[in-house]
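With chain A's structure known, arrange chain B on it following the hints.
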Amino acid sequence: KQEVTQIPAALSVPEGENLVLNCSFTDSAIYNLQWFRQDPGKGLTSLLLIQSSQREQTSGRLNASLDKSSGRSTLYIAASQPGDSATYLCAVISGNTGKLIFGQGTTLQVKP
Amino acid sequence: DAGVIQSPRHEVTEMGQEVTLRCKPISGHNSLFWYRQTMMRGLELLIYFNNNVPIDDSGMPEDRFSAKMPNASFSTLKIQPSEPRDSAVYFCASSFTRAETQYFGPGTRLLVL
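Heads up: the sequence lines are chains A and B, in that order.
Its first residue numbered 2, the first sequence is counted upward by one per residue in the working numbering.
Its first residue numbered 4, the second sequence is counted upward by one per residue in the working numbering.
Hints are supplied without guarantee of correctness; some may be wrong.
[Claimed, not checked] Chain A is faced by these chain B residues, among others (derived, beta-carbon under 7 angstroms):
(1) 45
(2) 46
(3) 48
(4) 102
(5) 109
(6) 110
[Claimed, not checked] Taking lysine-lysine and the BS3-like style, the derived pairs with C-alpha atoms no more than 25 angstroms apart in a straight line are:
(7) B:81 - A:43
(8) A:43 - A:112
(9) B:81 - B:71
(10) B:27 - B:71
(11) A:2 - A:43
(12) B:27 - A:43
Note that these hints are calculated values from the structure, not bench results.
Each residue gets a CB set at the ideal place from its N, CA and C atoms; glycine is no exception.
Same shape as in the complex, but just chain A (with noise of 0.2 angstroms):
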């Protein structure tokens, strides 16, 4: 069963920073691993979607890693901003079922 842990569950950074979020997965046989971004009482808001034979994504100040055979996934966001609080939610897609299972997610909060 294909389970996907984030650490840690929440980071507080002062602006400016940048910093590094990460994801983990039990099973490497996925066929895409995807990033989300929730603000408080929002709805998900897909940020990048990485497919099993890609190794990184970028857009704009993100950027975001896979190495299925580790079974991990890395967010970097450089030059944090107030604006990039909020938290950051770590999905895969065992197969193609389209079935994502989320991790727990990482709350950030960037500090003016």
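Using the frame of chain A, we list chain B on its own:
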């Protein structure tokens, strides 16, 4: 496009009542997903449809839960009878195919008293 639309946004009901949640996916998307989010269990997939056909409902907690997708632009999730432990945020999401980026609606916050 307006994105995934869910209604109602908030629902407060009493134990034993029937609750119906509604979802309109993004036009052209062939896959639709229903999720539930709680503090204790995080985000869990309840059921998903592909081309209006239920593919996997293994996440549906009990027979009290049922979901339908009568056409490509509408889906419902029904709870009958509702219980306090059903209180959660219910999200609907859609995607072009079942393994591509999923776009989430704003959610329905359900409180069962």
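Violations among the numbered hints, reported as their numbers in ascending order = Hint 11 is the one this structure does not satisfy, whereas the remaining hints hold.
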